[in-house]
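On the provided structure of chain U, position chain D as indicated by the hints.
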Amino acid sequence: MSDSAPFDPDNNAPLEKVLIIVSRGSLDGIYPALILANGARMEGIEASVFFTFFGMNALIEKTMDSLKVSTVGNAALNLAMPMLGMPVTMPFPTMVGSIPGVSAFATHLMNKEMERLDVPPVREFLEMISDAGGKIYACKLAMDMFKLGKEDLWERLDGVLTVGDFYKEAAGTRTQVLFT
Amino acid sequence: MQKTIAGATIDVNEEGFLTDPSQWNEAVAAALAAEESVGPLTEAHWKVLHHLRAKHAAGEEVTIRQLGKSGVVTTKDLYALFPNGPLKKAARIAGVPKPVGCI
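In the order they appear, the protein sequences are chains U and D. According to the numbering used here, the first sequence is numbered sequentially starting from 1. According to the numbering used here, the second sequence is numbered sequentially starting from 1.
Just to be clear, a hint being listed does not mean it is correct.
As the list claims (entries may be wrong) - Heads up, simulated EDC-like pairs for lysine to aspartate or glutamate below, C-alpha to C-alpha not over 20 Å straight-line:
| no. | chain 1 | residue 1 | chain 2 | residue 2 |
| --- | --- | --- | --- | --- |
| 1 | D | Lys69 | U | Glu16 |
| 2 | D | Lys76 | U | Asp158 |
| 3 | D | Lys76 | U | Asp131 |
| 4 | D | Lys88 | U | Glu16 |
| 5 | U | Lys68 | U | Asp28 |
| 6 | D | Lys88 | U | Asp118 |
| 7 | D | Lys76 | D | Glu36 |
| 8 | D | Lys55 | U | Asp28 |
| 9 | D | Lys76 | U | Asp10 |
| 10 | D | Lys88 | U | Asp131 |
| 11 | D | Lys76 | U | Asp118 |
Please keep in mind that the hints were generated in silico from the structure rather than gathered at the bench.
Here chain U stands alone, though its shape is the one from the complex (with noise of 0.2 Å):
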């Protein structure tokens, strides 16, 4: 059974699956796992993403598509620059961060640039995702500490997991559990 075959150190063979854990809802805090999970269906491999805690805030019908780059207790938003034609050293002080619209304009700026490299906005990318055969699933203990309902989330998703659930579908040597 290949499931019990011992470890081999020059086994390369490929990724079967990622299991994506997102537990961040600013619009920063989620694009890397949809980036990924598409990436890995492109590749041949399975993908799940679990939306957990702040992450449900992308499966909400309400806040998806207005999710915010988040501009305050970010030390690295002098990366950004450039977006606005500064350099890339120049320090962004999260007082800056932290004054209305501050927040809006960066991830206009975001949605401006992520559109240019033809990544889709949160619904869409979901979509696309769940297209190519990836799984949405959202966690059962925040549904029930922000008190959701499934009637409030996007009506796509795959399901809602309880912990044991989540390492059910984390099962086979070849997975790999990410959290981004």
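Just chain D, lined up with the frame of chain U:
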């Protein structure tokens, strides 16, 4: 390196992608498809393959997103027609370079 397939000699790179799209013909495509466990090639496959060749000839990159919006094939059908890595496999069978994007 060179490779003989379907009675034709083609130049391919180390991943098996044609390096000269003009060496491609439909018999080569059918043989490459068999290597990729795709097919037998149907009308729906050919539509995708000819689209990829036309885009490559025009110097345009193709992504799965654009393909899904092009009216040539839906994302779902693309994955069904070319299972296990649809864009990469379709590009190889179409005799165009491997797509390099992350999307």
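Quick rundown of the hints versus the structure:
1. A C-alpha spacing of about 28 Å is found between Lys69/D and Glu16/U, which places the hinted pair above 20 Å, so the restraint is violated.
2. This hinted pair checks out: Lys76/D and Asp158/U have alpha carbons roughly 16 Å apart, not beyond 20 Å.
3. Using a Cα cut-off of 20 Å, the hinted pair Lys76/D and Asp131/U holds, with the two alpha carbons roughly 5 Å apart.
4. Among the hinted pairs, Lys88/D with Glu16/U is consistent with the structure: their alpha-carbon atoms are about 17 Å apart, no more than 20 Å.
5. Proximity of Lys68/U to Asp28/U is assessed by CA-CA distance (about 8 Å); at most 20 Å being required, the pair is judged to hold.
6. Distance hint between Lys88/D and Asp118/U is fulfilled; the C-alpha atoms sit about 17 Å from each other, no more than 20 Å.
7. Proximity of Lys76/D to Glu36/D is assessed by CA-CA distance (about 19 Å); at most 20 Å being required, the pair is judged to hold.
8. Taking the CA atoms of Lys55/D and Asp28/U, the gap is near 32 Å; set against the 20 Å cutoff, the hint is violated.
9. A threshold of 20 Å between alpha carbons decides the hint, and for Lys76/D with Asp10/U the separation of about 35 Å lies outside it, so the pair is violated.
10. The suggested pairing of Lys88/D with Asp131/U holds, with an alpha-carbon distance near 17 Å, which does not exceed 20 Å.
11. Between Lys76/D and Asp118/U the alpha-carbon distance is near 19 Å, which keeps this suggested pair within the 20 Å criterion.
Checked against the numbered hints given earlier, this structure breaks hints 1, 8 and 9; the rest are met.
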